[in-house]
Amino acid sequence: MKKFRKVLDGLTTSSPGATVGSPSCGSAAGTPTTAPTPKEIDVQETLVSENFQLCKTVRHGFPYQPTALAFDPVQKILAIGSRSGGVRILGRPGVDCYCQHESGAAVLQLQFLINEGALVSACADDTLHLWNLRQRRPAILHSLKFNRERITFCHLPFQSKWLYVGTERGNTHIVNIESFILSGYVIMWNKAIELSTKTHPGPVVHLSDSPKDEGKLLIGFESGTIVQWDLRGKKADFRIYYDEAIHSVSWHHEGKQFMCSHSDGSLTLWNLRNTTKPFQVTFPHGKIQKDARKESCKPILKVEYKTCRNSEPFVIFSGGLSYDKAGRRPALTIMHGKAITVLEMDYPIVEFMVLCETPYNNEVQEPYAVVVLLEKDLIVVDLTQSNYPVFENPYPMDIHESPVTCTAYFADCPPDIIPILYSIGAKHKKTGYSQKEWPISGGTWTLGSHTYPEIIITGHADGSIKFWDASAITLQMLYKMKTSKVFEKPKPGEGRATELVEEDPFAIQMVSWCPQSRIFCVVGISAHIILYRFSKYDANTQIVSLEVRLQCDSEDVISPSENENNPSFSEPGSHSPQPHHHHQHPASPGSRTPEGIKDSIPCLKVKDRAVRVPPGYQSELVIQLLWVDGEPPQQITSLDINSAYGLLAFGNCNGLAVVDYLQKTVILCMSTLDLYGSTDPYQRLTRSPRRNRQSTSEFCMRGLSNFYSDSKKRIRTSYQSLTELTDNQQSIDMERSKSPTSESRENSFTRSRSSSVSSIDRDTKEAVTTLQFGESYGRKNDVLPTPCLWVGTSLGVVLLIPMSIPTDQEERMEEPVTMGVSGAVLMLKGSVLRFSFLDCMGALIQTPYEVWRDHNAPEDPDRPRRRKLVHFSPSSSQDACGDGHLAVVCSERQAKVFLMPSQSCLFVHNITESSFVLRADVVSVCNSVCLACFCANGHVMTLSLPSLRPLMDVNYLPLTDMRIARTFYFTNGGQALYLSSPTEIQRITYSQEMCDNLQEMLGELFTPIETPEAQNRGFLKGFFGGNAHTFDREELFGEAAAGKASRSLAQHIPGQGGVEGMKVAASGAVGELARARIALDERGQRLGELEERTALMMTSAEVFSKHAHELMLKCKDKKWYQF
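Per this note's numbering, the very first residue in the sequence shown carries number 7; after that it's consecutive.
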């Protein structure tokens, strides 16, 4: 057949499609047949390429693999650095910004330029970066790359423009923050230590200026050496050599003492009057043993020594616990006077920071909170109360409480659903938090004008479901439910659940939610489905259980074909899958054949007693697939539920089942091959039985069409990247080679996908990959639309199954729903992913639904409750163009638009040849609709509807891993999301309008605040306490005094911050004069421009006066009739 494809602009030049009942339509647009003329469906498409732009909006969740922490005590904003080079900046709720270093190098340390709207980051690639925070999207102003030395520690004194940088070689360099140029002043390690010392002191692990005198710099080396360096005299004031390695140092605010933490779990207190030995040595957690020896303790990684006006000082440290206590959790210890409090943490401590009232290091510190950064959590402890309660975290830091396994995103929810979910969820909130306000309260954020109700749903590995309010680019948890409560806990002896999935038998694979009817459905990895209804009242319910035997015979495997265009199948098995109805009586665990092979039992056991359920989502029905002849049930690959029809459909690689959840019965259960009936598009060949029965669970539906392909693997293994998945294929191929039929299995699906990921395995069975209920035309000769079920398979086949549903409420509860299997058959390339329906004017046809009513509400005898259904008929808005509607079908390779009921293919677009589509959704954007696709090669694209014109194609992600593939989700309003890391959700927009309004929606990180004034120290204290304020760093470190640094030592890289950023760099206390000069220059320039304009106006006035005088003289002697 001759293949052809036209690029269509609108429908005015459309060519008629083909009648797609022939197999050839899977590879070409088809041959012209009788189809409607373009005038009949003349759709005026409004979307153009200018409506689309792709950009990231906001990132939610806990920063993955955090490494560094910083706090601005004046602006009250917090920064967290991560191993992947990300920086999260947090303020008050709504102020949440994510920045990324282009290099991707881990962030070693962060330092705020306090109250100046800037941040310095030191990365593992030995580069320093200066970030401008005075714009809603922070940008890098300068970078400085060290070439010969590795950065280990940085210190920036308050109100200083000189940054001290310690290196692995033990040297200390000084960087000018304004110009980001290295000073010629260097403290070399061999000058800092005594010449007689034979060993290298190790890397610099600490730098700090003395509170007593800014001209003194304390340098701590890893080996235990401490040096106080006189910056003016360029010599060491004193040197301390201690036996134990140093991890951190903290000053007393008077500058007369400092405390060190060591690798042996000790704290040493040093007095500057006598530095020959420590003033005090303590082992806070080291008890004296029977032999009078101290028990060995873990290193104290950090200590902070903070003073109070009205009480004893605080000594707060992490680590230091004794080694002998096995299984003891990581702890933060707070020593206040003689009281020692140990706060045990759920995860290892990465970093902590004590928040104090003053930014000055030479004043009484008055600590009020401790920010503790854990590996997987962020905790803030209230120090003002004796029991040290934690603050309630306003950020969504617990998305990853259990690993996220699926997501859903709804951007156009009914406005009443969020308050209802919040009111139910608020009843289950934890208590015992500090009553004080969250201390990280910097920045400003206002609710923008471009907001509408949005909800994100996350499914987790432990079977829990979380509903999040995602309106106005924030994220707040609304409601949490646990699906595991439906099932009995597996007894240790049974091990029934662990045979299928080792750790997470309740893990969520997919969710389906109808916000209008509030019906919620989840699919779990143990081949189970739970249907929930929402109620404001608690109730005693008996969970109804249905068990379905959806297992094909071994004969139902596709046989290899000689001709690619005519794939051949085996004959259908002698028996189709059969449903087993068990109302409230699940099968006993002992249901086994005499040989001990499991048969006709589910993976999990449903509670068979009445249970008390609280208000919220309450389970009504559980559907489970059964073991068959010792083989576990195949995981469910597709699901759709329709509240108006009262039906639920699901499928896997064996077949399709449809459940009437109102009558609690299975109305259809058959293999995929039996669904074709008389409209079989393939030629069937008989095939001999397999010589060796092998568990189909090992090979069924591998690839991205079913992310949980191997039923013997834990769900968490799906976090591996696509490249890892490809590597693992070698072992899969080796397993296959053991089977006599491995070769035929490998060739069973000859239309292989060229992508390295999708070619992991050819489908051994024709799986049901997508389902959609809706009003449509099941057959070509249908005149009126009827309820239909659209079925898409992994071989690109689309089946239409018409249904007959009783309309009367009483009949609906008693009469059976009938389904006519032999409906229409359409064909596409690749596995079918999505269906959607448009009317002939191009508007989206919504799926029918039932209006929500509370089943547990008290009955009113005068007004009996009846089902209220809302239908959107395809012919309701088509008086001008006749009956019918458009069906949009998208597969992994192409998209097609069919006209129903004629089944003519109007438009076809081959989306990709080299890759394949992972996610496709028909979404509304700018008062119109489009098809949005996300490909395995990282491309995000949109196509117009119905003409399928490419509108946008952006190479967004260079490499797509399994986690992103599993969680990517498009929604209306030009928005989408995916799991960017195991702990973070990244939201993006592909709408130009939202990109334009994004600046308005984001929070301001910097707010102009007056820097607090330093306390008056008094004459005597200032006289005897040193002359700290007369120290001029510019005089010491500037080019005039110190000279230039070696060019080969570090390379300056200008940033992308722009002119605005350059002005910001010159701001703050050290740049007041420069800023005033800039302002004067601008004022002088404006005055000069004004003067020039005034002179021009005067000249113009003189010319005008001259011309007027000449005209008057010319006309003076003329009569009226001479004009």
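Quick caveat, the hints were computed from the structure, so don't treat them as lab data.
Some hints here could point you the wrong way.
Said to hold, decoys possible - Derived Cβ-Cβ restraints for the label pairs, each shown as a range:
| no. | residue 1 | residue 2 | range |
| --- | --- | --- | --- |
| 1 | Asp-330 | Glu-1016 | 34 to 44 Å |
| 2 | Ser-1052 | Thr-1100 | 52 to 62 Å |
| 3 | Cys-932 | Lys-495 | 44 to 54 Å |
| 4 | Asn-393 | Ala-1020 | 28 to 38 Å |
| 5 | Pro-421 | Met-819 | 23 to 33 Å |
| 6 | Ser-302 | Ala-242 | 30 to 40 Å |
Claimed, not checked - The list that follows gives simulated cross-link-like pairs (lysine-lysine, PhoX-like), each with its CA atoms no further than 25 Å apart:
| no. | residue 1 | residue 2 |
| --- | --- | --- |
| 7 | Lys-433 | Lys-542 |
| 8 | Lys-262 | Lys-293 |
| 9 | Lys-436 | Lys-491 |
| 10 | Lys-435 | Lys-491 |
| 11 | Lys-283 | Lys-241 |
| 12 | Lys-486 | Lys-382 |
| 13 | Lys-283 | Lys-308 |
| 14 | Lys-151 | Lys-204 |
| 15 | Lys-435 | Lys-382 |
| 16 | Lys-197 | Lys-240 |
Computed from a prediction, not measured in an experiment: that's the story for all the values here.
Quick reminder that beta carbons are idealized off the backbone N, C-alpha and C, glycines included.
Hint-by-hint comparison with the structure:
1. Look at Asp-330 against Glu-1016: about 53 Å separates their beta carbons, and that is not inside 34 to 44 Å.
2. A hinted range of 52 to 62 Å for the beta carbons of Ser-1052 and Thr-1100 is consistent with their spacing of about 54 Å.
3. For the hinted restraint 44 to 54 Å between Cys-932 and Lys-495, the CB-CB distance of approximately 51 Å keeps it satisfied.
4. Between Asn-393 and Ala-1020 the CB atoms are about 34 Å apart, so this pair conforms to the stated range of 28 to 38 Å.
5. The supplied range of 23 to 33 Å is met by Pro-421 and Met-819, whose beta-carbon atoms lie about 32 Å from each other.
6. Between Ser-302 and Ala-242 the Cβ separation comes to about 33 Å, which falls inside the hinted range of 30 to 40 Å.
7. Restraint check: the Cα-Cα separation between Lys-433 and Lys-542 comes to about 12 Å, which is no more than 25 Å; the hinted pair holds.
8. For the suggested pair Lys-262 and Lys-293, the alpha carbons sit about 30 Å apart, so the restraint of at most 25 Å is broken.
9. As the CA atoms of Lys-436 and Lys-491 are separated by approximately 20 Å, the hinted pair is consistent with the 25 Å bound.
10. Taking the CA atoms of Lys-435 and Lys-491, the gap is near 18 Å; set against the 25 Å cutoff, the hint holds.
11. The hinted pair formed by Lys-283 and Lys-241 meets the criterion: a straight-line CA distance of about 21 Å does not exceed 25 Å.
12. Note on Lys-486 and Lys-382: the hinted pairing holds, with a Cα-Cα distance of about 20 Å set against a maximum of 25 Å.
13. Distance hint between Lys-283 and Lys-308 is fulfilled; the C-alpha atoms sit about 21 Å from each other, no more than 25 Å.
14. Between the alpha carbons of Lys-151 and Lys-204 the distance comes to roughly 31 Å, so the proposed pair goes past 25 Å and is violated.
15. Our distance criterion of 25 Å between C-alpha atoms is met by Lys-435 and Lys-382, whose separation comes to about 20 Å.
16. Between Lys-197 and Lys-240 the alpha-carbon distance is near 9 Å, which keeps this suggested pair within the 25 Å criterion.
Hints 1, 8 and 14 from the list above are not met by this structure, while the remaining hints are.
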